[in-house]
Amino acid sequence: MPDSTTDITPEQLQEAANTLLKLTAHLRSGPAPEQALDLAAVLLDEDHGVLVRLSEALRATSRYLVQQAPVPWSPQVEHTVQWLTLAANDIQDWTILHFDVSRLRKTPFRGQSIP
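Under the numbering used here, think of the first position of the sequence shown as -4, with each following residue one higher.
Calculated directly from the structure, the hints in this document are not laboratory data. Since the model is a prediction, treat every value here as computed from it, not as a measurement. It cannot be assumed that every hint is accurate.
Claimed, not checked - Here are the computed distance ranges between Cβ atoms for each label pair: (1) 61 / 32: 36 to 46 Å; (2) 80 / 8: 13 to 23 Å; (3) 72 / 29: 20 to 30 Å; (4) 27 / 64: 47 to 57 Å; (5) 56 / 19: 18 to 28 Å; (6) 21 / 103: 21 to 31 Å; (7) 1 / 105: 27 to 37 Å; (8) 61 / 103: 47 to 57 Å; (9) 60 / 12: 14 to 24 Å; (10) 62 / 19: 32 to 42 Å.
Every residue, glycine too, gets a C-beta built ideally from N, C-alpha and C.
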């Protein structure tokens, strides 16, 4: 039985997805560059960002399937586990972007001086 501190519902995940949708709309509205970079920094944080968390969730899903799937694995289970692991690795690789965001913070944008 899952611990109540780790219970999650599809609705909670949908809420997180909706938050990302709001973020996208906000960024398309043209906020100040500093604010856009602050938001991107949260997304791309190498330790706690959205990409890291998504990568961890995909790996956890893969591990769970491995533990629960009947042996021998069906081709579909094997395929799904491989793709979840590959996606998790690819997403984790994109966290390198947090270094780019850090460097951009030193860049003057139109109408601004370097802090």
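So, going through the hints one by one against the coordinates:
1. Residue 61 and residue 32 have their C-beta atoms about 39 Å apart, which keeps the hinted 36 to 46 Å range intact.
2. Remark: the range hint 13 to 23 Å for residue 80 to residue 8 is upheld by a beta-carbon distance near 20 Å.
3. Our hint of 20 to 30 Å for residue 72 and residue 29 is violated, since their Cβ atoms are close to 47 Å apart.
4. Between residue 27 and residue 64 the C-beta distance comes to about 49 Å, which sits within the given range of 47 to 57 Å.
5. A hinted range of 18 to 28 Å for the beta carbons of residue 56 and residue 19 is consistent with their spacing of about 24 Å.
6. Distance hint check: the CB atoms of residue 21 and residue 103 are about 23 Å apart, consistent with the given range 21 to 31 Å.
7. A beta carbon spacing of about 46 Å between residue 1 and residue 105 contradicts the range 27 to 37 Å that was offered as a hint.
8. The supplied range of 47 to 57 Å is met by residue 61 and residue 103, whose beta-carbon atoms lie about 50 Å from each other.
9. Under the hint 14 to 24 Å, the C-beta atoms of residue 60 and residue 12, about 22 Å apart, fit the expected range.
10. Checking the proposed 32 to 42 Å range against residue 62 and residue 19 shows it holds: the Cβ atoms sit about 35 Å from each other.
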